[in-house]
Amino acid sequence: MKIIIIDDEPLARSIIKEYLQYQPELEIVAECNDGFEGVKAIQQFQPDLIFLDIQMPKINGFEMLELIEEPPAVIFTTAFDEYAMKAFESHAVDYLLKPFSRDRFDKAISKWSQAGKTISSKERLAPLLESVSNSPTEQHRVVVKLSGKIRIIPVEDIHYLEAADDYVKIHTKEGAFLKNKTMGHFENVLNKNQFVRTHRSYLVNITEITRIDPYEKDNHLAILKTGTRVPVSKTGYVKLKSVLGL
Amino acid sequence: MIDSVVTNGLLMGACAIISNILRYYLPYSDRFFYVLILSLIFSLLVNALSKFILNLSMTDPAYSNYIPFLANAYLIRLGFAFLMIGCMAAICVLWYTQEEEQEYRIRKTDAEKLSRDAELYKLRQQLQPHFLFNSLNSISALIITDPAQARNMIHQLSDFLRTTLRKEEEQWVKMEEELQSLELYLEIEKVRFGHRLSTSIIKDEESLQMLIPPMILQPVVENAIKFGLYDTTDAVTIYVSVLTESDSLKVIVKNPYDPETASPRHGTGFGLNSVKRRLYLLFARTDLVETSAIDKVFTTIINIPKHENYHH
Numbered sequence: 497m498k499i500i501i502i503d504d505e506p507l508a509r510s511i512i513k514e515y516l517q518y519q520p521e522l523e524i525v526a527e528c529n530d531g532f533e534g535v536k537a538i539q540q541f542q543p544d545l546i547f548l549d550i551q552m553p554k555i556n557g558f559e560m561l562e563l564i565e566e567p568p569a570v571i572f573t574t575a576f577d578e579y580a581m582k583a584f585e586s587h588a589v590d591y592l593l594k595p596f597s598r599d600r601f602d603k604a605i606s607k608w609s610q611a612g613k614t615i616s617s618k619e620r621l622a623p624l625l626e627s628v629s630n631s632p633t634e635q636h637r638v639v640v641k642l643s644g645k646i647r648i649i650p651v652e653d654i655h656y657l658e659a660a661d662d663y664v665k666i667h668t669k670e671g672a673f674l675k676n677k678t679m680g681h682f683e684n685v686l687n688k689n690q691f692v693r694t695h696r697s698y699l700v701n702i703t704e705i706t707r708i709d710p711y712e713k714d715n716h717l718a719i720l721k722t723g724t725r726v727p728v729s730k731t732g733y734v735k736l737k738s739v740l741g742l
Numbered sequence: 022m023i024d025s026v027v028t029n030g031l032l033m034g035a036c037a038i039i040s041n042i043l044r045y046y047l048p049y050s051d052r053f054f055y056v057l058i059l060s061l062i063f064s065l066l067v068n069a070l071s072k073f074i075l076n077l078s079m080t081d082p083a084y085s086n087y088i089p090f091l092a093n094a095y096l097i098r099l100g101f102a103f104l105m106i107g108c109m110a111a112i113c114v115l116w117y118t119q120e121e122e123q124e125y126r127i128r129k130t131d132a133e134k135l136s137r138d139a140e141l142y143k144l145r146q147q148l149q150p151h152f153l154f155n156s157l158n159s160i161s162a163l164i165i166t167d168p169a170q171a172r173n174m175i176h177q178l179s180d181f182l183r184t185t186l187r188k189e190e191e192q193w194v195k196m197e198e199e200l201q202s203l204e205l206y207l208e209i210e211k212v213r214f215g216h217r218l219s220t221s222i223i224k225d226e227e228s229l230q231m232l233i234p235p236m237i238l239q240p241v242v243e244n245a246i247k248f249g250l251y252d253t254t255d256a257v258t259i260y261v262s263v264l265t266e267s268d269s270l271k272v273i274v275k276n277p278y279d280p281e282t283a284s285p286r287h288g289t290g291f292g293l294n295s296v297k298r299r300l301y302l303l304f305a306r307t308d309l310v311e312t313s314a315i316d317k318v319f320t321t322i323i324n325i326p327k328h329e330n331y332h333h
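Just so you know, the sequences run in chain order A and B. Per my numbering, the first sequence starts with residue 497, numbered consecutively. Per my numbering, the second sequence starts with residue 22, numbered consecutively.
Take these hints with a grain of salt, some might be off.
Unchecked claim - Cut-off 20 angstroms, straight-line C-alpha distance, at most; resulting in silico cross-link-like pairs (SDA-like, lysine to any residue): (1) 247/B x 618/A; (2) 582/A x 630/A; (3) 317/B x 513/A; (4) 607/A x 649/A; (5) 582/A x 166/B; (6) 513/A x 164/B; (7) 211/B x 669/A; (8) 603/A x 161/B; (9) 645/A x 251/B; (10) 607/A x 630/A; (11) 669/A x 281/B; (12) 669/A x 649/A; (13) 317/B x 649/A; (14) 645/A x 254/B; (15) 641/A x 104/B; (16) 645/A x 279/B; (17) 618/A x 510/A; (18) 513/A x 215/B; (19) 271/B x 216/B; (20) 247/B x 641/A; (21) 211/B x 641/A; (22) 513/A x 166/B; (23) 247/B x 506/A; (24) 513/A x 171/B; (25) 247/B x 543/A; (26) 211/B x 595/A; (27) 247/B x 606/A; (28) 536/A x 254/B; (29) 645/A x 311/B; (30) 536/A x 255/B; (31) 211/B x 624/A; (32) 211/B x 645/A; (33) 645/A x 281/B; (34) 317/B x 510/A; (35) 641/A x 279/B; (36) 224/B x 254/B.
As the list claims (entries may be wrong) - Where chain A lies over chain B, by a calculated footprint (3+ residues, C-beta under 8 angstroms): (37) 95-108; (38) 150-163; (39) 246-258.
Calculated directly from the structure, the hints in this document are not laboratory data. By construction, the Cβ of each residue, glycine as well, lies at the ideal position given by its N, Cα and C atoms.
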């Protein structure tokens with residue numbers, strides 16, 4: 497069984513290493529300082545289980561998980577994060593509160609080895625990640641991966657979002673990025689006074705709109721600063737008008 | 022028949038009016054006289070009105086005996102009306118006072134809860150659970166790998182907690198003490214983050230003896246560490262300099278940050294806001310905290326005006 501430890505504090509990693517000494521069938525294949533290293537190591541080693549800290553540099557543990565297509569089983573480790581702890585409780589995901597004892601650690605391991613395989617980790621984590629992406633820290637940025645490189649996009653830099661099959665295409669001044677989420681998710685998470693669902697497949701940052709032109713029957717087109725024309729449906733137009741105070 | 026309808030109707034009307042008046046206006050002092058006079062006026066009014074209406078309606082000769090009877094009973098009727106209205110008013114006063122008191126009690130418990138929550142929040146801020154539990158976790162790791170260092174860290178942590186708890190009681194603290202507690206904090210953070218964190222503290226001799234408000238220096242450095250360590254993945258150096266100027270004490274804190282990440286744009290963090298607020302409350306000035314972000318370095322400058330309290 498392959499294990500990866502992801503934590504930005506070396507001593508926090510060393511405690512997990514120490515406790516794992518008593519589990520000879522579990523082998524540590526990598527130790528990571530941050531989420532970037534974590535994503536790489538998970539792709540490279542395809543571990544069976546990861547220990548994941550929440551508060552880490554640049555991207556936190558949850559944001560890291562969002563970047564992984566088929567996440568391995570996860571045991572979260574955190575010192576104090578009320579928001580995350582609530583999310584863990586309500587989604588029955590195992591987590592260790594630092595500092596944790598060897599007993600508690602062993603319990604988490606045995607729980608994982610008994611029940612961990614019945615449902616895929618992806619299914620288990622999806623509701624958790626959905627709920628924590630509403631947390632105050634994640635609301636103002638979106639983490640995406642583009643050809644292996646991880647980008648952190650501030651929400652203000654988003655011009656508009658476009659539905660693209662199972663993905664959402666995030667259009668920014670530096671180009672478009674795909675994120676494995678639904679339009680409904682972004683509509684919920686993003687500030688409703690800034691991002692308006694003008695169309696079933698479009699969510700627009702209103703600060704980017706320069707004018708709104710009529711277009712066929714009841715439809716309109718929102719013209720952005722960049723010149724892009726974004727479709728506005730009949731109901732979308734009503735929403736847009738109310739947010740713009742027209 | 023007409024008499025009872027008119028008189029009782031008027032009485033009921035008067036009671037309704039008086040209860041409404043009392044609902045919207047109830048003086049705090051001289052309540053008794055206010056209610057007494059109000060009842061008297063209303064009973065006089067009721068009687069005058071009823072007499073007037075009855076005189077008008079009883080033009081039929083069949084009532085010719087009744088009118089003088091009415092005139093004779095005037096005083097008794099007045100007394101009765103006064104009693105009725107007075108009772109009604111008293112009940113209203115009691116009722117409304119109780120309602121008011123209940124409202125006041127609810128408001129009071131709400132206010133108490135709010136201040137309790139604020140107190141708890143402050144305490145939590147001071148204790149910094151995230152810092153505390155992570156430090157304890159580091160100690161737990163060191164106990165096996167480096168017991169001497171573990172013990173050392175326990176001492177540092179206890180000293181730091183002690184100074185944090187003491188801060189509450191004192192109005193102003195010596196810069197020297199503030200810096201000592203800051204160094205303790207930084208030493209603990211260095212153990213936690215290993216080689217990633219280094220610090221440089223520059224101070225002039227004169228500044229050490231000066232008094233500054235507590236909880237000013239610490240939050241600024243915590244903020245710098247938070248942004249420095251969580252906004253980049255590289256090694257981080259935090260620079261702190263304390264300088265005396267002719268009319269103020271200047272604290273400059275520098276930390277690296279990544280302009281491409283969103284965090285710095287979203288305000289300068291809760292810590293800095295609370296520092297701004299504290300300085301505003303103390304000096305009534307909003308220009309004492311300056312921040313700038315140039316070349317991936319975030320700089321916070323705190324100006325603490327010289328104060329007669331500076332030198333004991």
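Structure-based check of all given hints:
1. 247/B x 618/A: violated, 31 angstroms
2. 582/A x 630/A: Holds. Residue 582/A to residue 630/A sits at ~13 angstroms (cutoff 20 angstroms).
3. 317/B x 513/A: Violated: residue 317/B and residue 513/A sit about 35 angstroms apart, past 20 angstroms.
4. 607/A x 649/A: Answer violated: residue 607/A to residue 649/A is near 37 angstroms, above 20 angstroms.
5. 582/A x 166/B: violated, 33 angstroms
6. 513/A x 164/B: holds, 14 angstroms
7. 211/B x 669/A: Violated. Residue 211/B to residue 669/A sits at ~39 angstroms, over the 20 angstroms cutoff.
8. 603/A x 161/B: With a Cα-Cα distance of about 19 angstroms, the restraint between residue 603/A and residue 161/B holds, given a limit of 20 angstroms.
9. 645/A x 251/B: Holds: residue 645/A and residue 251/B sit about 19 angstroms apart, inside 20 angstroms.
10. 607/A x 630/A: Distance ~28 angstroms between residue 607/A and residue 630/A Cα, so the pair is violated.
11. 669/A x 281/B: holds, 13 angstroms
12. 669/A x 649/A: holds, 10 angstroms
13. 317/B x 649/A: Holds, at roughly 17 angstroms.
14. 645/A x 254/B: Holds: residue 645/A and residue 254/B sit about 15 angstroms apart, inside 20 angstroms.
15. 641/A x 104/B: violated, 85 angstroms
16. 645/A x 279/B: holds, 16 angstroms
17. 618/A x 510/A: violated, 28 angstroms
18. 513/A x 215/B: holds, 17 angstroms
19. 271/B x 216/B: violated, 29 angstroms
20. 247/B x 641/A: Status violated; Cα separation ~25 angstroms.
21. 211/B x 641/A: Outside the cut-off at roughly 32 angstroms; violated.
22. 513/A x 166/B: With a Cα-Cα distance of about 12 angstroms, the restraint between residue 513/A and residue 166/B holds, given a limit of 20 angstroms.
23. 247/B x 506/A: Cα-Cα ~17 angstroms, so holds.
24. 513/A x 171/B: Holds. Residue 513/A to residue 171/B sits at ~18 angstroms (cutoff 20 angstroms).
25. 247/B x 543/A: With Cα atoms ~30 angstroms apart, residue 247/B and residue 543/A exceed 20 angstroms; violated.
26. 211/B x 595/A: With a Cα-Cα distance of about 18 angstroms, the restraint between residue 211/B and residue 595/A holds, given a limit of 20 angstroms.
27. 247/B x 606/A: Violated, because 35 angstroms separates the two Cα atoms, which is more than 20 angstroms.
28. 536/A x 254/B: At roughly 15 angstroms apart (the allowed maximum being 20 angstroms), residue 254/B and residue 536/A satisfy the hint.
29. 645/A x 311/B: With a Cα-Cα distance of about 35 angstroms, the restraint between residue 645/A and residue 311/B is violated, given a limit of 20 angstroms.
30. 536/A x 255/B: holds, 17 angstroms
31. 211/B x 624/A: Between residue 211/B and residue 624/A the Cα gap is close to 33 angstroms, so the pair fails against 20 angstroms, i.e. violated.
32. 211/B x 645/A: Distance of about 30 angstroms is beyond 20 angstroms: violated.
33. 645/A x 281/B: The given pair, whose Cα atoms are some 14 angstroms apart, holds under the 20 angstroms limit.
34. 317/B x 510/A: violated, 32 angstroms
35. 641/A x 279/B: holds, 18 angstroms
36. 224/B x 254/B: violated, 29 angstroms
37. 95-108: Violated, because only 0 residues of the stretch 95-108 of chain B bring their Cβ atoms closer than 8 angstroms to Cβ atoms of chain A.
38. 150-163: holds (count 12)
39. 246-258: holds (count 5)
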